[in-house]
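Chemist: If you want the building blocks of each chain, they are given just below.
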Amino acid sequence: MSETRSASPSWTVIAAAAVALAVGISIGILYPIVRAPGDTSAEAGFARSMSTHHAQAVAMAMRAYAASGDPQITAVAFDIALSQQSQIGTMQSWLRQWNLSPTSTEPAMAWMSRTGTHHGAPTRQMPGMATTQELETLNQATGTDLDRLFCDLMIRHHEGGIAMVDAVLAADPADEVRSLAEAIRKTQQAEVDALRDMRARVG
Amino acid sequence: MMAKNKRVPTKPPRQWGVIGLWTTVGLATVLIIGYAAFASWRGARPWNDRLTGLAGVTDYASTNPAWLTSAHKSGPLTYEVTPSVGGSHNSSWQNCAGDVYDAPIAAEHATHSLEHGAVWVTYRPDLPADQVARLAEHVRGVDFMFMSPHDNLDAAISLQAWGYRLTVDDAADEQIRDFIGAARMKAGPEQGAPCPGGITATGTTPRDLNPQGS
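Those protein sequence lines, which keep their order, are chains H and X. Adding 11 to a residue's 1-based position in the first sequence gives its number in this note's numbering. Adding 2 to a residue's 1-based position in the second sequence gives its number in this note's numbering.
Chain H with its partners taken away, still in its complex shape:
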């Protein structure tokens, strides 16, 4: 036995190197999976609910872009619709990379309750969302009625979005989530200010 072992040390070395390689590759594959946010994480909750939240902003902005006669309103609506649709794509690709479903059976705001920034029982209603009735009114409105309602709904919507951003930032999220969340807060705060100016002008 000892004869055989000492006669072919090169084979054991090759086998050991193969094991080392396998361990290295496994670490490389497993590390991102272990590191990825889980199904009930604040990151996943944020990505899911902010996608839904953004989708409503896109719908409202598309209506204003198509129907408003005020060039300042159509310009900000164009910016909101395209930016937020692009951000939805970013958030959906996170969920895909994390091997998570784009949806969850939990109440929409359960993740926010866990961060301690949303008080009371978890609710399906996200902050700042327009009701079906309000969307219906927006879709029927024209002229300054439309401009006024769009500003009011979008200001409230953006402020709700900022509350969701603050909730995910409070949970010390992964870098990619932090980067987008901070960008959303900065942009939406600037847009809220611009929308307030427009709302004051429309009267």
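Source of the hints: derived by calculation from the structure; they are not laboratory data. Backbone N, C-alpha and C fix where the C-beta goes; we use that ideal spot for every residue, glycine too. The reader is advised that the hints may include incorrect statements.
[Unchecked claim] For lysine-lysine, the following DSSO-like pairs were computed, each having C-alpha atoms within a straight-line distance of at most 27 Å:
1) X/Lys-75 to H/Lys-197
2) H/Lys-197 to X/Lys-188
3) X/Lys-188 to X/Lys-75
[What the hints assert, rightly or not] Now the in silico label distances, taken between C-beta atoms and shown as ranges:
4) X/Arg-209 to H/Thr-51: 35 to 41 Å
5) X/Gly-183 to H/Gln-103: 40 to 46 Å
6) X/Arg-209 to H/Ser-112: 42 to 48 Å
7) X/Asp-145 to H/Thr-63: 26 to 32 Å
8) H/Gly-49 to X/Ala-174: 27 to 33 Å
[What the hints assert, rightly or not] Covered by chain X, per the in silico footprint, the following chain H stretches (three or more residues, Cβ under 8 Å):
9) 35-41
10) 93-105
11) 137-143
12) 196-202
Got chain H sorted already, so can you dock chain X onto it with the hints?
Modeler: Coordinates of chain X only, in the frame set by chain H:
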């Protein structure tokens, strides 16, 4: 003697085979993990580190972050740096979908484009035509890029991204490519914002959208 010693169970010789084996395994492991770490560090070096690593870059994002506000304001605005590298801006952005402008443009619109993640290439009006053509190759038809001459430059060529500026003397300078590669769609706080749909007119006076009834 050697063969005899080998058969004495109480004092075995050093197991060179085993030592060699584990040394090899250890070295291989260190090499594999080390290379993987190095490769991912190099590939994933943050974009702002790649920018500040360029000799011709000035980093205002770190030194003067308070300049980089995002408010929408009408009328002419003054900027701390010429050309502007960020700050409050007009509500309309300059179209930055690979647009090559043949005359100076308004900083108030261009700054909004920087906020959307675009890189603005500017050059002195007396820059030779072949140099201008070489610059335009980086811009024409490339989304999140725009270019215009500028009357008040302290360098022959100046590239602006939100919070960063690169100055060079020659359109062949490789820093131009590196600056664009690192900053385009990364600098600028408004992730996902568009470049089409902006102002395509030239002239340094900002164009305010005329609201209804005024």
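Chemist: Now tell me, hint by hint, if it's right for this structure.
Modeler: These are the hints, each one checked on the structure:
no.: 1; hint: X/Lys-75 to H/Lys-197; verdict: 16 Å, holds
no.: 2; hint: H/Lys-197 to X/Lys-188; verdict: 15 Å, holds
no.: 3; hint: X/Lys-188 to X/Lys-75; verdict: 24 Å, holds
no.: 4; hint: X/Arg-209 to H/Thr-51: 35 to 41 Å; verdict: 49 Å, violated
no.: 5; hint: X/Gly-183 to H/Gln-103: 40 to 46 Å; verdict: 26 Å, violated
no.: 6; hint: X/Arg-209 to H/Ser-112: 42 to 48 Å; verdict: 46 Å, holds
no.: 7; hint: X/Asp-145 to H/Thr-63: 26 to 32 Å; verdict: 28 Å, holds
no.: 8; hint: H/Gly-49 to X/Ala-174: 27 to 33 Å; verdict: 50 Å, violated
no.: 9; hint: 35-41; verdict: holds (count 3)
no.: 10; hint: 93-105; verdict: holds (count 8)
no.: 11; hint: 137-143; verdict: violated (count 0)
no.: 12; hint: 196-202; verdict: holds (count 4)
This entry does not satisfy hints 4, 5, 8, 11, going by the numbered hints stated previously.
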